[in-house]
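Spelled out, the chains give:
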Amino acid sequence: MKLRSLLVPVLLACSVTAQAAEKLVFYNWSEYLPEGVLEQFTKETGIEVDYTTFESNEVMYSKLKLQKGKGYDVVVPSTYYIAKMRAEGLLQPLDKSKLSGLKNLNPALLDKPYDPENQYSVPYMWGSTGIGINTEALAKGSITRWADLWDAKWKNKLLLTDDVREVFHMALKINGHSANTTNPDEIRQAYEKLQQLMPNVLVFNSDAPREPYMAGDVDLGMIWNGEVIMAQEEMPDLDYIYPKEGAIFWVDSFAIPAGSTNVEAAHKFINFMLRPDIAKLCSEEIGYATPNLKGYELLDENVRSNKIIFPDADTVANGEFQTDVGDALKLYNDYWEKLKTGK
Amino acid sequence: MKPRFELFRSTIILITLFWLGLFVLAPHVMVLITSVLSPDPNNLAVWPLNLNSYVNLWDSLYLNVFLDSLYLSLLATGICLLLGYPFAFILSRFSPLLRSILLFMMVVPFWTNSLIRTYAIKLLMGKKGLFNDVLLGVGIIDEPLQILYTEFAVIFGLVYILFPFMVLPLISSFDKLDRSLLEAARDLGANGWHRFWRIIVPLTSPGIIAGCLIVFLPAMGMFYVADLLGGAKNILLGNLIKNQFLVVRDWPFGSALSVSLIVLMALLLWFYFKANQYIQRKGGLDDDTLK
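Taken in sequence, the protein lines are chains A and B. Going by the numbering used here, the first sequence opens with residue 1, and the numbers climb by one from there. Going by the numbering used here, the second sequence opens with residue 1001, and the numbers climb by one from there.
For reference, chain A alone in the conformation it holds in the complex (with noise of 0.2 angstroms):
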């Protein structure tokens, strides 16, 4: 008796599930998506929106990896994940056939190494890590570089990041390194340099690298630019500095996992995000740049000329986007244990 009576739910769960028209799982980063946007697609497709978020590319691929690519139906890995999703079989192909808004995209963001002619991913936003700068308390003109931060005056005062390749991003460049380099001497003598730095830094935030500035515990340190722009609505002296040596530059891509049961919501959905009017909408809402063009042009005057989101070519070729390390994430991930462990 009793178990039937726990049995008829579980099967009306089933039979509803089975029946719903249609469903989309989206994973996204966290903070990473404006209000409204789901429920306008539901309103237009009729299709429901499950959304879960995460916070690192670490723990996205974790899960997919667990569940062989099944469970989600889009997902929003940044370039170097891309690669390293695609050659392990997790993504599937996209049908470009149903990707109308494709056309919309800056041709410069496609047909990277990452992904040849885009066939498993499509560009959502981009952006980059530089310095961020409390104003307020410290003058602008005073920091331009990333070695700045290694100024012995800023003894616990700094912000970084708490992602292992961001942080040694800045002491390969310092170092005149490339940022993806798999060069055991270069990853080790970019240890050495930031085992100078570590006195420097305060605290670790990769949740909302914004909020100790915002709270009036840092005034220096890394930060992504989107994260300056949603701050300056509250804090106007906040600002972003693109680094000398060269910011950091990620691009994020919607993709599809090999196991996705709703291929074809999924194609829907991420026709949806093409669209020039939503587009413009995130890029707005979330402070980073939208790789979407007819977006772009729909951008106020005041949004599309802000270096801080659209930073000017010469910025970008000076800077670097990461692409994957393959092993060398081990040896980097191993002197990051040490780092923090200060031995």
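Honestly, the hints are just simulated from the structure, not real lab data. Heads up, some of the hints might be wrong.
Covered stretches of chain A (in silico footprint by chain B; criterion: 3 or more residues with CB under 8 angstroms from a CB of chain B, positions within the stretch not fixed) [to be verified]: (1) 67-73; (2) 154-167; (3) 203-212; (4) 271-279; (5) 284-290.
In this text, a Cβ means the ideal position worked out from N, Cα and C, and glycines have one as well.
Guided by the hints, dock chain B onto chain A, whose structure is given.
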């Protein structure tokens, strides 16, 4: 009536066993098995069986992580005991009704998730937070102190979150303290210090040990307190395990770390058990007093 009761009893026991087997035993066995497999970037863990992960534990880096975690946890436990012991003693002096109300008031905040309370502490401790505002307001300091993201903040957070776990076993020990023993001791000429050290402390030692264990063990794993309040500058055992699973994806090593933590816990519980036995023998007291 009786056979039905028997059936009821065995059903309950079966359900409990099934539950524990499925959600406690099976995952632990999986962790144990994973810990002796070899890491593999594509399949998480593969054959052959080996003990490499356990050999890696002895790397000086990981010993340092362990010592750091141990230091923070011991310090937090010690402070909890120093504060909790007199606290429980005083509480046990009140009438049962008043004591229940006071205990209730102590426990109420703990109905809120500890992560949320940790964020709240973070707000209080910030440079523009309440602590600094008050200190600045009454003129004790001239510029805001760096309280947040220091070791002090981490210890404060751990003590705050784990304090009730120290107090509750202590109160139950104080409850069972037989006052007539104290009166007898006074009649026989023992001074205050002697009564405390020779009678109260030994009789409440089960509570002290239980409280210390219940505080110490979670403290070893509460990495989010160190991450949020300490600025994520240290790697503790909890972070290390999390990193092995999510970032490095060396699942065997992560599992070996978890197993070693479980073994440590088991050792401490064994120690607790032995200590109880010792106290029983020494004191010649019945079981009831020591629960």
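- Message: Output the indices of the hints that this structure fails to meet, ascending.
- Response: Violated: hints 1, 4 and 5.
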